[in-house]
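Going down the list, the sequences are from chains A and B.
Position one of the first sequence corresponds to residue 1209 (my numbering), numbered consecutively onward.
Position one of the second sequence corresponds to residue 188 (my numbering), numbered consecutively onward.
I should point out that these hints are in silico values taken from the structure, not numbers from a laboratory.
Here a beta-carbon is modelled for each residue, glycine too, at the ideal position from N, C-alpha and C.
Mixed in with the good hints there might be a few duds.
As the list claims (entries may be wrong) - Pairs of lysine-lysine, PhoX-like flavour, derived with a Cα cap of 20 Å: (1) B:K435 with B:K350; (2) B:K435 with A:K1380; (3) A:K1380 with B:K439; (4) B:K191 with B:K439; (5) B:K661 with B:K671.
Stated by the list, open to error - Footprint (simulated), chain A over chain B, 3 or more residues, beta carbon under 8 Å: (6) 317-327; (7) 549-558; (8) 562-575.
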Amino acid sequence: MIVAILTISLMAGLFGLILGYAAIRFKVEGNPIIDQIDALLPQTQCGQCTYPGCRPYAEAIANGEAPINQCPPGGQATIVALADLLDVEVLEPNDEHGEHHDIPLVAIIDEATCIGCTLCIQACPVDAILGSAKHMHTIIADECTGCELCLPPCPVDCIDMVPIKQTIDDWKWPAPVLSKEIVHEH
Amino acid sequence: MSIKLHEFHGGMHTEDHKAESLAPGLQQATLPAQLTLPLKQHIGDSNKPLVTIGDRVLRGQVIADSSSLISAPIHASSSGVVSGISAQPIPHPSGQCDVCIVIDVDGKDESIESQSQSQSKKIEDLSASELIDKIHRAGIVGLGGAVFPAAAKISRGDNLGIKTLIINGAECEPYITCDDTLMQNYASEVVSGIGYLQRILKPENTLIGIEDNKPVAIKLMQAAVIESAVAKTEVITIPTIYPSGGEKQLIKILTGKEVPAGKLAFDIGLFCQNVGTCVAITQTLEQSQPLISRIVTISGDGIQQPGNWEVRLGTPISHLINLAGGYKRNQSESQHLVMGGPMMGFSLPSDHVPVVKATNNILVMLQETIPFTPGYHDECIRCGKCADVCPAQLLPQQMYWEARAKNYERSEEYHLFDCIECGCCAAVCPSQIPLVQYYRAAKSEVRASRQALFRSDRARLRFEFREQRLLLKKQQDEERRRIKREALQKKNPKNPDTKTEVDPVQAALERVKAKKQSQAAEPKNTTNLTPAQLEKIEEADARRRAAREQRE
C-alpha cells in the first residue's frame, strides 16, 4: 500500500517536473494561429473588413470576434482556405464589405491633375505612392495592393482604379473548354 | 570506347514523317522585305531597345539589350532602317502581341563585323570568362527549344563543375528535321563548338547523342569528331523512341542517371546543350557572327514542298510558306498552323508572325488529319495507358483528376512540375483527353498563386514596416517635446516646481478671477458723492424696497 502510494507520488512529481521544464523550454511566442490566418489573408491592408489591416482582422478571427467572410479582396478562395484552417463552415462572402474583383486592381494617378497635396501618400498602407508636397505623385504599381484607401482623401479626384494589365509573362494557359458536357452513356 | 545505354521509363514510337522535309537538303531563305524582331526571344529578363525609329542598322548590330546576365541581346539580322517599335503579333501560345523592332530591309545586307574583328584577341588566347562574355553578347540561347540564355547556363555549369558534357542531337519529335539537317551541313562547326564548351567547362568526357533514324548525320558527325582534335568525345547512337531528346531522358539513356525532382542537370555534374547552340557558338567565336539566323523545318501534309531553310530571325512565317511553295489549300479554316512539333508545339493564330530564336519547326496540318476534336473529350476510363508511357514516371490520370477539379495543390502533390509536357499521355489516351493542356493550365494557376503569395508577403512586410515607422515617429515626437520642455524649465528656473504642478489654463482663469475681484471691490461711481446725491440714492432705494414689499 505504502509502496504503491510512494511510487505513484514519485511518478507524478517526476512528470510534473518534466512538464514544467517543457513549458519553459518549448514556450510558444505569440499566437501561432494568428500568423496562420494572417498568411492566408491577401495583405491588401484595405480595411474593408472594418479592421485596420489584415493582421488585426486575423487577430479578430482568432479571438472569435469576426466571421471569416469579411474580406472582399480574398474572395471565396480565402474563405475556403480559412474554413479549412479553422475547421469551420464555409460561408458566402459578405457583400456589405465590398465586392471581389477577379482581376486585381491597381491605382493610377492622373499626373496632370495631381496637385501634390501628399494626402494619398499618408493614406497608403504599404507606402506605394511616391511624391512630395506640391510635386506630382505617382503610384509604384508593383507595390500597390489595390486597397482603394487613397481614393477618398484625394481633393481633386485624380486617382483611378484600373485592372492590372496582363502581359505575356503572366499569361495563363487556359484549361480545355468543353463545348458540350461529357455524357455518361449508362 | 563504347558505353552501355540505358532506358527511360515509358515513351512511345511515333510515325516520324521526317523523310519529306529531309529530302531537299538545306536551302537558304531569301531576305524578306521586312524583319520583325521581338524584344524578348529568351527565358529571363526583358530587353530594352537601343535604336529609335528611322535609325539605319547593319547586320549583326545590337538593337536591344539588357543589363541582366539572364538575358540575350537581339541583333539586326540584316541591314535596313528601323520603321517601327511597337506591339506586333508574335509566336506565343497566348496569341498576344509583344513589343517588336520592325526593320525595313534594304537588301544590301551590310555587316557591322568588320570594325570589331580587327581589335579583338585571337580565340586561342581568350580565357573562359571572355569566351562566356562573347557568347552572351552574341545573343545565343539554347536552340533546342527552351531558349534559355546559353552564357548564363554555361557560367552556372562552370561554377558547379561538370563531369560529362552531353550534346543533344536526338531530335525525337515527329516532322522536325532541323537538327538533322544542321548536323549534315555543319558537322565540323558542331564539333568545334563542342571544343569551346570543353575549354570552358573542362568535362571528363563528352557524349553526342543522336537517334538511330539519322544515319547520315551520325556518319558525318563521327567523321568530324575523328578529324578534329576534340578529346574524349564520342558519338552515341541511341534507339529511336519519343521523347529521347528531352534533356532528362537523354541523360538517363546515356548515363543511367536521373535528375532529381526540382533539380537541374548540373546539380549532378552534367551539362546538356543542343547541337544548334554549338554551331551558333562556333559562328560567333570564329566568324564574329551573332545569332541572327537559324534552320527552320517546314513540314506537314498541308504544305506544298516540305524542307529545311536557313532563315534570318524576324522573317515572317508567311514568307517561308511562300518559299515552300505555299499551302496545299487556300481556305485557312481547313488547316492548322503549329510552331514546334505535333507533340509539344502550339497553334499559331496566323502566318503573320516572325521566326524567332525558338522556332525550330513550322507545321501545316490539314484539319482532317488532326486526331482530336477541340472542345470535346470522353471521360477518363482509368485504363492507365498514360502512366505506362509517362517518361517522368508520373501518374497522369491522377494529375488530370485533380487539375480538372481545380485542386491544384493536390496535382502538385502528384509532382505536376516534373511533367515535361511531352504529350505521350495525351497521344495514347483512348478518351482523347488533352491531358497536357490540363497540366499546363494547372501549372499556370499554381505559378499565379505563388506569385500572389510573393506579392502578399511583400505587402505585409511593407505594411508592418510602415506601422513600425509611424510608431517610431510618434515616440520620437514625444521625446522631442519632453526635451524641449526640460530645456524651457532650465531657462526659467524661478519656480521650477509650480511650473510643472499648476495647469496654465487654471492659472490664467485664476488671474482673470483675481482681476475681476479687485475691480468689484472698488466701484468708482460711489466715491466722492455729494449729500444731495446720497439723499437721492436713499430715496430710490426706499422706493425699490416699498415696491418689493408690495409684490410680496
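Do the hints match the structure? See the list:
With a C-alpha separation of about 16 Å, the suggested pair K435 (chain B) and K350 (chain B) falls inside the 20 Å cut-off, and the hint holds. Pair hint K435 (chain B) plus K1380 (chain A) does not hold up; C-alpha atoms about 25 Å apart against a cutoff of 20 Å. Simply put, K1380 (chain A) and K439 (chain B) have alpha-carbon atoms about 31 Å apart, too far for the 20 Å limit, and the pair is violated. For the hint pairing K191 (chain B) with K439 (chain B), the CA-to-CA distance comes to about 11 Å; that is within 20 Å, so the pair holds.
Restraint check for K661 (chain B) and K671 (chain B): the C-alpha separation of about 15 Å stays at or below 20 Å, so the hint holds. Three residues within the 8 Å Cβ limit are the bar, and the stretch 317-327 of chain B against chain A gives 0, so the coverage statement is violated. For a cut-off of 8 Å, the count of residues in the stretch 549-558 of chain B with a CB near a CB of chain A stands at 0, and the three-residue condition is violated. Check on the stretch 562-575 of chain B: 5 of its residues sit with their Cβ under 8 Å from a Cβ of chain A, so the three-residue criterion for coverage holds.
Of the numbered hints stated above, those contradicted by the structure are hints 2, 3, 6, 7, listed in ascending order.
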